[in-house]
Amino acid sequence: MSRSCFPQYSVFTGTAPISSLERFINHSRKYCVRLVRRTLLVLLLPFTANATELSLSIADVVAPDFSARGITLLLPASGSADLRITELHVQRRSLLDVRIHCAAFALSTASVSCHGGSLAQLPGMLVQFDYRFDTASWQVSAQLRNVPGKQLASLLPPDMPPANLPLPGQGALTGTLRVSGNASAVDAFDADMQLTDIGFSDASGLHAAEKLHGTVKLAATRKAALWAWQGHIAWQSGEIFWQPLYLRGGHRISASGSLDGASLKVEQAVVDLPETGRVQFSALWDMKQGALAECAAHGSDLALEKLFTDYAKPFLDKGALAESHVYGHADADWQYRNGATQSLRLVLRDAGIADEGQRFALLGVNSEIDWQADAPRSASIAFAGGALLGVPLGAGQWAVQMRSMDFSVAQAALPILDGKLELRDFRLHREGAAWQWQFGASLSRVSMEQFSQAAGWPKMLGSLAWRIPKVSYDGNEINIDGALLFNVFDGTVVATQLKLVNPFGRAPRLSGNLNMRELDLDLLTHTFSFGNMQGRIDADVNNLELQDWQPARFDARIFSSAGNYPRKISQKAVQNISALGGAGAVAAIQRSYLRFFENFGYERIGWSCVLRSSVCTMGGVDGGDSGAYTIIKGGGIPAITVMGYNRNVSWNELITRLKRVTQGNMQAIVK
Amino acid sequence: MRALIKFFIALFALTAALNAFAAADLEVNTPGINAIKQSMQARHAQLAAHYSSGAVGLTADGMIALRDAGAVPLAQRQAVNALVAAENNDRNALYAEIANANGHPEWQGEIRSTFAQRWIQRAQSGWWVQSGGAWKQK
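Here the protein sequences come in this chain order: X and E. Oh and the first sequence: position 221 is 221 in my numbering, straight run, nothing missing. Oh and the second sequence: position 125 is 796 in my numbering, straight run, nothing missing.
Extracted from the complex, chain X is given alone in its bound form (with noise of 0.2 Å):
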């Protein structure tokens, strides 16, 4: 090391100790790197006539990352001292005018010290530094008395904190900081600091904290290359918004591992969550890759409505999961190791999930779930009840095979209403980054009364039963294999080529046939209030598309059931059907002899929609597709006709008709 990189002295005077002057500096010399020295002034020595004072003054000290100008060392004969750096650089960082004052400065040939110290900057902290010349062992703490936190941020280098992580903007520290080492590094760090409303927030605001109140220790020593630490975190109140959760205070944590270059250790931590429980975890961060390498945690009784609220809803972003509310409480094991998860041990008890939209609901789950990675494993889910679509579930027990992430059930049951829905070969897996289900199902007789009373129909009589082959959803679209069948209104409806596409999103496209045979009007026009009519009737709707579960397409077709049955037609039906196509047509039969008969006979009934564009055209029938259009043809005494005139009609307006005739607003105007 070349003599030019410290600067020189040359004079001295006053009472100080010159050997351990000399000692002090030739020691450092041996640790500065690289400074290189610019001017080297000693200046002097105002005796006054009472005291001895030493005064020293070094011009410039520069170095890599490092440079120092105008620096100026006073030593009263008070054991005090001062120290005052005009311009000071640290990497690029700048501090202009720094002054340091030592209430106790002691100078001997074993060591130096600096009691007391306090700095013009930092107004409350108080510092105190003591290095010894043999060992070149140094110790600097600091108490600090509601320091700004901004303060003390702008003395950190620029690269500290790591990773971007934002500094404290707001909010003031008390406590004690102390760090001490030898000449080649630090090798111990202790902290107890108190935070009084800290705040600091990153450019893009999506990492930030207002108003935090807590405590926050930390103790660390080095061995060597590694780092033994503890700490200890009581977040006492305060927000923070770290995207994208969003966390209240009264959280705590104590923990304890080692830190060498390459990993973070964390071999035991206990977490408080406010409202949910407490967390066991041990954990390794894999430094170089930024990423968690190996976990296991433990949780027990944990309250599933704050856990899944505060830690797990903010990211799911969108699907039926985000909008739903979970229940219960739970002990869980999680093991975590080569990016997967290995194990999983969930014992759930009382546990229930369901949506805002109302459309599922599980509610009183207990079980015990042991899920491995790499081995088979079978549990027991029993649940109290539940609900879809309105329609409530009562309790059941199901046994899953799992399977890596695969879940089946080859048989269960569940039962709705009076009923029961039977399950067969329910498949859940996970394909790529989509979940894909499928499974077979049948329903058996579920009374159609109660049914449309919970699904908020209006009543309606019959049963409903079908049987579905396969229902599967591959990500996007449900699609059902094979025809259901419903029996209603003593008739059959089959449904097929069911597709729902975007079950999940905002507006999901079912598309599909109905064909309805031999519906009794009798029991039809009796649940919607449109007069009565006698016979049976078939229909059939035919490329069917709802959008959020409004038509967009049909071509649909109603005519007479084949076969012998009475037909009769109630006058006041006649006029709600001649009130679908218009006030006008209604008029004309009141005007007519026809509004003596409280009843008329009739042959056939047809009537067709083909809805496209907000648009049905329609026609009766004979089919035929201009003029007028036979939708009634009468027959026998006394027999009446209702015809349709206009053929094209928006389908809302035939839908506000609709609702105006079977809610019963229509008033028989008999003149």
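Hints were generated in silico from the structure; no laboratory data involved. For glycine and all other residues, C-beta sits at the position ideal for the given N, C-alpha and C.
A short, non-exhaustive set of chain X residues, derived as facing chain E with CB atoms under 10 Å:
(1) 199
(2) 201
(3) 205
(4) 239
(5) 244
(6) 246
(7) 248
(8) 502
(9) 505
(10) 614
Model the placement of chain E on the given structure of chain X, informed by the hints.
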């Protein structure tokens, strides 16, 4: 004469090319589009204040983005994030549905850019819009 024929052929080709997309009916109405529009209208009441404050801006690709989270109180940042995500889901669905309703799913890209210009044109003064990759206040 040949020049005249060429001119007409060129004119026809140009008109046809323009019509290929000009035929897209952006006001087309289906129940699906209605559902998305209603959802967006309901959300707009919540978003309007954030457009005005500059927290949320309109992007050049027909979406919205959180441009200055600092303009939102800390406790509401998560909710605003969720609003932005939900609005963008709806916007993506809207462009796809309009393309579908026109019978041309492949027009989605053009429909999106037409809407992007429209949203930005209709933005109130003071709102932030993206232009040429940078944010500008209208």
